[in-house]
Amino acid sequence: MKLTVEHLTKRIVGRPVLQDVGFEWRPGEIIGLVGENGAGKTTLMRTLVNQYLPDGGTVAVDGRNLAQAPGQRVNLIYIDPSQVFFAGNTLAASVADYALAYPDFDRQRFFAAAADYDLAPGQRFRELSKGYQAVVVVLLSLCSNAPFVMLDEPFDGLDLFIREAIVSLVVDAVADGKRGLLIASHNLQELDGIADRILFLKRHTISHDYRLEDVREKAVKLQLVFKTPELPALIRENGRILNVQGRVVTVLFADYTDALDRQLRDLAPVYMEQRPLDLTDLFRSEFDHTEGGLEHA
Amino acid sequence: MDDARFTHLAYYQRLVLQIKQQVTAGILAPGEKLPSVREMAKRSQLNPNTVAKAYKQLEADRVVEVRPGLGSFIAAAQKAPQQAEVSALHQRFAALMVAIQAAGVDQATVQQWVEEEMGHES
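If you read the sequences in order, they're chains B and C.
Residues 256 to 552 in this note's numbering are what the first sequence spells out, letter by letter.
Residues 2 to 123 in this note's numbering are what the second sequence spells out, letter by letter.
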């Protein structure tokens, strides 16, 4: 099974929010959708489930365009956490509603998992704390048994206990390869270790599609000091300068090969030490409003 | 459990090292069953694909053996290391020693490092 998004475009009050968005998504995959606040993450999710009508482009499951085959929509679920229609309803009533829309909804699993968090079927969504509301949204989404599940900022502002609970639910849900998740977050760190891929949404479109484990395997962050006051050209050509403090430069090499390692050592740096790699370093350019790195002091 | 020395590695590589450490330290004994991929993913809060990749690597390194339908188990301690693996490791060690000497680290320090890293086996 495969979900394909092609050339998706959405304008809101004349302003482009999504332009030519395209990606593929398969069950078993956790995709992180990362972008600054206002980048269009929520708009993309709303457009994928037809809550917003797209101005152009297609969403297809196994080649079947959802606009022409609306029955295929049961393969996708998105519960907009900022605008739930069921806030005043009991959990039991919400489950009944979702079971109508999703025939494969697993009620047993929902209530068993809810009981793990001391949530009773008679409780109303509105009365729950923010953290437990987040758990309920994730549980409803996963128990729908839709193969493509979208979660919008599921960790935002939650304490560690709830965060771990949600990560465990997500990990459990993809482990058998039957479900895929698209998780939107403004914070890349939140998806570290969890996402297979990261899609960056920037300037209304997907600017990059990275596999995080590959990126981590190749990238190296070094602190270097050279004898010469000016920085060797090799550094600028192969790396990104993150920080300069006096003679100490911190450089990120996105593709650190053995050959590059030898070339660097041939330059005989006075000091050379590997630093822990921080994902935000790696993707700093994705967040920068102004392009171009720091100048060497 | 997350070793600060390994934070520059990919998550699957970290998990491989972590399990190897637990084997050499005797925390995991030969014949012991590793948690399922799903269970380990939940425990370590990692993507199941990452855990599966680590398990595959551990199998390739003969640290664990997969018994079909039963799961992954810690392999019996190796009597003699594989020749190919030894020469590959030797090469990496030689390259590292060049860097160590170029940096001016003396032999006593290196010996101390070796004892620190391997000491728990004696």
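Be careful, since some hints might not be right.
To be verified - Below, a list of computed lysine-lysine pairs in the BS3-like style, where the Cα atoms sit at most 27 Å apart:
(1) C:34 / C:57
(2) B:473 / C:57
(3) C:54 / C:34
(4) B:473 / C:54
(5) C:57 / B:257
(6) B:433 / C:21
(7) C:34 / C:21
(8) C:21 / C:54
(9) C:57 / B:433
(10) B:385 / C:34
(11) B:473 / C:21
(12) C:21 / C:57
(13) B:473 / B:457
(14) B:257 / C:21
(15) B:482 / B:257
(16) B:257 / B:433
Since the hints were derived computationally from the structure, they do not count as laboratory data.
Outcome of the hint check:
1. C:34 / C:57: Roughly 15 Å separates the two Cα atoms, so the pair holds.
2. B:473 / C:57: Since the Cα atoms of residue 473 of chain B and residue 57 of chain C sit roughly 20 Å apart, the hinted pair holds (cutoff 27 Å).
3. C:54 / C:34: The given pair, whose Cα atoms are some 17 Å apart, holds under the 27 Å limit.
4. B:473 / C:54: Satisfied, since the Cα-Cα distance of roughly 16 Å is no more than 27 Å.
5. C:57 / B:257: 25 Å, holds
6. B:433 / C:21: 31 Å, violated
7. C:34 / C:21: 14 Å, holds
8. C:21 / C:54: 15 Å, holds
9. C:57 / B:433: 21 Å, holds
10. B:385 / C:34: 39 Å, violated
11. B:473 / C:21: 22 Å, holds
12. C:21 / C:57: At roughly 13 Å apart (the allowed maximum being 27 Å), residue 57 of chain C and residue 21 of chain C satisfy the hint.
13. B:473 / B:457: Holds - the C-alpha atoms of residue 457 of chain B and residue 473 of chain B are around 24 Å apart, at most 27 Å.
14. B:257 / C:21: 37 Å, violated
15. B:482 / B:257: 54 Å, violated
16. B:257 / B:433: At roughly 11 Å apart (the allowed maximum being 27 Å), residue 433 of chain B and residue 257 of chain B satisfy the hint.
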